[in-house]
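Asks: Listed below are the residues making up each chain.
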Amino acid sequence: MTTLLELAEGQSGIIHKLNMDRLLIQRLNAMGLRRGKKITVLRKAQFKGPFHIMIDTTELMIREHEASLINITSAAL
Amino acid sequence: MKRIAFLGMPNTGKSTLFNRLSGSSARVGNWPGITVDLHAVKTFLGGHMAELVDLPGIYDLQGLSEDEKIVQSFINNNKIDLAIVVLCSTQIERQLSLLLQLQKLHIPCVLALNMYDEAKKMGIAIDAVLLEKKLKTPVIKTSAKYGEGMVELLKACTQVINQKVSTPIKKIKPLNASDLISNEKTIQTLIKLTVKYPTKLNDKNTKKLDGLFLDPYWGLPIFFFIVFSIFQFIFTLGKPIQDLMTQFFNFFRLDYLEPLFINHHGIFESLLLDGLYLGVTTVAAFVPIIILFFLL
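Note that the protein sequences, when read in sequence, are chains A and B. Each residue of the first sequence is one higher than the one before, starting from 0 at the first, in numbering that gives the first Met the number 0. Each residue of the second sequence is one higher than the one before, starting from 0 at the first, in numbering that gives the first Met the number 0.
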């Protein structure tokens, strides 16, 4: 099992689990991050900056810490 | 008096739509969270006086943020005759949940598929007629920015407002896990039936610009260059106007004000001219530049 943290720029994975408290899960769900969804890392900012990610048609920025809480399984690109 | 509330996720165009329908000018911008309090405007709709209320954007009815609390207490403490649920058509697959949550409370809804022009551009097609049938709620394609779909939306609102409501509106209660899962399933079925995505999204321009502005090395220099250019532009334009105003103020002082004090030199003249007049006019000379900044 890997987390979003381990994906390189341009790589995708399937969300397996959101490892955080309920409220944050609810918020991320509303933003489109749900179990089974394909998630793509578009780019990572320098100096441990945020991750620019894409789920369906939604693009988001999340911090490295939150990225480390998202478990993913690898997906065919 | 009928109460009509605009509800939707952040940055879906609620305020733009609100301005269109109410003829008011709430502040809008292309980033989420602009509306942090309630704007209300009274208007005439479908044979009733109606109060349109623009609410802050929320992700769901459960959240704990300041905005979400405002909306929750508004829903719980006010009788809402109609909720215009605004969603961004390009993100319909994750924005329908709010509508389902509102329907569970028995609030009469009209769904506005806003930014439909953008969805069309991206190659996304939504079957509004079928969606309307499945949701048992009027669904209108709109583009608040370009004023498309406004007539249809008003018609749908009028119809819903004039319906007799039989079921009383419930208060918000926490969703449990099974509610969430069943909502999720409903949405996925609906999306499969009514939304057609292109095999490849047509968002090349956004991608290209992102690639340029978010480049790890060139991004910041480009950003500073743009900000510097705006600054330069405003000063090149504003400086001559400022100089002209300063000249005028000086001329006015020498020719009209100083002669008034010809017999009263001293501290009183200094207070009025060097203090008050000079102070006010120095600041006033900056006004053109401030206005330019504001216009940009």
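Calculated from the structure, these hints are not laboratory results. Misleading hints may appear alongside valid ones.
When the alpha-carbon atoms are kept at most 16 Å apart in a straight line, the in silico EDC-like pairs for lysine to aspartate or glutamate are as follows [unchecked claim]: (1) B:K207 / A:E5; (2) A:K43 / B:E268; (3) B:K206 / A:E58; (4) B:K195 / A:E65; (5) B:K206 / A:E8; (6) B:K191 / A:D55.
Note that the coordinates shown come from a computational prediction; the quantities given were computed from them, not determined experimentally.
Asks: It remains to establish, for every hint, whether it holds in the given structure.
Replies: Okay, the hints, checked on the actual structure:
1. B:K207 / A:E5: violated (25 Å)
2. A:K43 / B:E268: violated (64 Å)
3. B:K206 / A:E58: holds (11 Å)
4. B:K195 / A:E65: violated (31 Å)
5. B:K206 / A:E8: Holds, at about 14 Å.
6. B:K191 / A:D55: Cα-Cα ~14 Å, so holds.
When each numbered hint is compared with the structure, violations occur for hints 1, 2, 4.
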